[in-house]
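Student: Now for the letters of each chain:
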Amino acid sequence: MRFTEGSLAVAEAARLCRPDVVSAYPITPQTHIVEALAEMVADGTLDAEYITVESEFSALSACLGAVAAGSRAYSATTSQGLFLMFEVCFNLAGMRLPMVMTVANRAVSAPISIWNDQQDSISLRDSGWMQFYAEDNQEAADLHYLGYRVAEDHRVLLPAMVCFDGFILTHTYEPVDIPSQEEVDAYLPRFAPLARLDAQDPISFGMLANPDYYMEFRYANDQAINKAKEKIREYGKEFAAKFGRDYSAFVEGYALEDAETVLVAMGSLCGTVKEAIDEMRAAGKKVGLLKIRVYRPFPVEEVAAALSGARRVAVLDKNISLGSKGAVALEVKDALYGLGIPVLDYIVGLGGRDVRKRDIARIVELTEKGEGDLFYGLREGMG
Amino acid sequence: MALGVGCTARPGKSRTNKTGAWRVFKPVFKHNKCTKCGICSMVCPEGCIVEQDDEFYIPDYDYCKGCGLCAEECPAEDIEMTKEEK
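Chains A and B, in that order, are what the protein sequence lines are. Here this note's numbering is used: the first sequence runs in plain steps of one and ends on residue 383. Here this note's numbering is used: the second sequence runs in plain steps of one and ends on residue 86.
Because the hints were derived from the structure by calculation, they are not lab data. Hints are supplied without guarantee of correctness; some may be wrong.
[Claimed, not checked] To give an idea of the chain A side of the interface with chain B (calculated C-beta under 7 angstroms), a few residues:
1) PHE90
2) ASN91
3) MET95
4) ARG96
5) PRO189
6) ALA192
7) LEU197
8) ALA199
9) PHE205
10) GLY206
11) MET207
12) ALA209
13) ASN210
14) ASP212
[Said to hold, decoys possible] Chain B residues, not near chain A, derived (Cβ > 12 angstroms throughout):
15) GLY4
16) VAL5
17) ALA9
18) PHE25
19) LYS26
20) VAL50
21) LYS86
Where a beta carbon is used, it is the ideal one built from N, C-alpha and C, also for glycine.
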């Protein structure tokens, strides 16, 4: 167990995954991760090529080329940096090139904000990447080992984003269990590409697909990311057997059994919600939490099963699909379609706005009154 | 399918990856007034109009995109663009 900053725990996890290539561009609040990795490469404690680039577009493009050449690649970014990678994200998924990238979740411009919400990675939800959301730094670090394992499976072959909240987790010190290199090696085998660039045996990736083939490739992508569900379960169980922490489930319940009002959240917010639930439970309120760890592929059946006993559901979204609703609420509504359980959406914590225990309690009160589908806690006169 | 996982292709796959599917109008080579001048073959952007043993030219519909340049340039006006239902 090490008492360490979230970013450094993630950098350690990335090192233990033995990437051959690291390419990233520093951007707040991700910077500490890539600084640490650059130092490791310079000090000789990480045997990787650290490719310095002039932008995030180049960073992820360098990773794409590296994976296509048969290397294990790693990158990290956030917010505007992730948006510069937009095109490359779709290319990695379409070319079925597996890698892991950390997203230190941050709000997006404009207005400019370096603080946390989850709009950045949520906006890449359709890119074909798997998306994991970590509640704490232990989970954030661990999801990297699991991420590579699932991503590189030949039934999956897709990239994965490990998302953890900027500042709230990246810059917070917590005790984190960092396994030994031998333990990680025993869990995560070397990357064995299905196909790779080789001058002696030429191949091209991502070729032209005419209207008579394109749909089949998109279908194959969809099949692959759904196949990842099975692999997350399988390799999650294997991880639990080796390391004692179980990530085989896509969702986690907290005080769910007899809960009448269930809150749904992703990321560090879940910790606050659990504290608030303890207080509300002590006061006799039957409140529970459903934490979603895997957002892509979205666990429709698991969410429906976990929420089927609820009287009402309140989704806390740290994002907003402008002109529609929060992206998590939309998925939850889809999962519960036809069950007659009201789902209310609360947009919270955008651009680093604090979400406190009393806010959670207030949201539960609003849900009980049937008031929802709103931005929670707007300033007077500015809403 | 000619393409592999991730839309990968080995060299020479353009021979099996047919690219004629986006054609709307199909050039029909009537060979009535044809003088075997070969201009159709020279202007074809796909390079898919090939001289046969009898010196007449015919397009390879696996690759012909239906651009109509051959019909436009044919001095004998012996190539007809016809609507193709798929």
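Student: Each of the hints needs a verdict: does it hold here or not?
Tutor: We went through each hint and held it up to the structure:
1. With 7 angstroms as the threshold, the beta carbon of A:PHE90 stays out of range of chain B, its nearest partner Cβ sitting at about 12 angstroms, so the hint is violated.
2. A least Cβ separation of about 10 angstroms between A:ASN91 and chain B goes past the 7 angstroms threshold, and the interface hint is therefore violated.
3. At about 4 angstroms, the closest approach between the beta carbon of A:MET95 and any beta carbon in chain B falls short of 7 angstroms, and the interface hint on this residue holds.
4. For A:ARG96, the interface hint holds, since its Cβ comes within 7 angstroms of a Cβ in chain B; the closest pair sits about 3 angstroms apart.
5. Against a cut-off of 7 angstroms between C-beta atoms, the interface hint on A:PRO189 is violated, since the closest Cβ of chain B lies about 20 angstroms away.
6. Nearest Cβ of chain B to the Cβ of A:ALA192: about 14 angstroms, over the 7 angstroms cut. The hint is violated.
7. With 7 angstroms as the threshold, the beta carbon of A:LEU197 stays out of range of chain B, its nearest partner Cβ sitting at about 10 angstroms, so the hint is violated.
8. Taking 7 angstroms as the C-beta cut-off, the interface hint given for A:ALA199 is violated, the closest approach to chain B being about 12 angstroms.
9. With its C-beta approaching chain B no nearer than about 5 angstroms, A:PHE205 sits inside the 7 angstroms limit, and its interface hint holds.
10. Of the supplied interface hints, the one on A:GLY206 holds, with its beta-carbon coming within about 5 angstroms of a beta-carbon of chain B, less than 7 angstroms.
11. Among the interface hints, the one on A:MET207 holds; its C-beta lies about 5 angstroms from the nearest C-beta in chain B, closer than the 7 angstroms criterion.
12. Hint on A:ALA209 holds. Least Cβ distance to chain B is approximately 6 angstroms, under the 7 angstroms limit.
13. At about 5 angstroms, the closest approach between the beta carbon of A:ASN210 and any beta carbon in chain B falls short of 7 angstroms, and the interface hint on this residue holds.
14. Against a cut-off of 7 angstroms between C-beta atoms, the interface hint on A:ASP212 holds, since the closest Cβ of chain B lies about 4 angstroms away.
15. Distance check for B:GLY4 against chain A: the nearest CB is about 7 angstroms away, which does not clear 12 angstroms, and the non-interface claim fails.
16. With a minimum CB-CB distance of about 5 angstroms to chain A, B:VAL5 fails to clear the 12 angstroms threshold, and the non-interface call is violated.
17. The claim that B:ALA9 lies off the interface is violated: its Cβ sits roughly 5 angstroms from the closest Cβ of chain A, which falls inside the 12 angstroms cut-off.
18. Every CB of chain A is more than 12 angstroms from the CB of B:PHE25 (nearest about 16 angstroms), matching its label as outside the interface.
19. A cut-off of 12 angstroms between C-beta atoms confirms that B:LYS26 is not in contact with chain A; the least separation is 16 angstroms.
20. Every CB of chain A is more than 12 angstroms from the CB of B:VAL50 (nearest about 21 angstroms), matching its label as outside the interface.
21. Listed as outside the interface, B:LYS86 is inconsistent with that label: its C-beta sits roughly 9 angstroms from the nearest C-beta of chain A, within the 12 angstroms cut-off.
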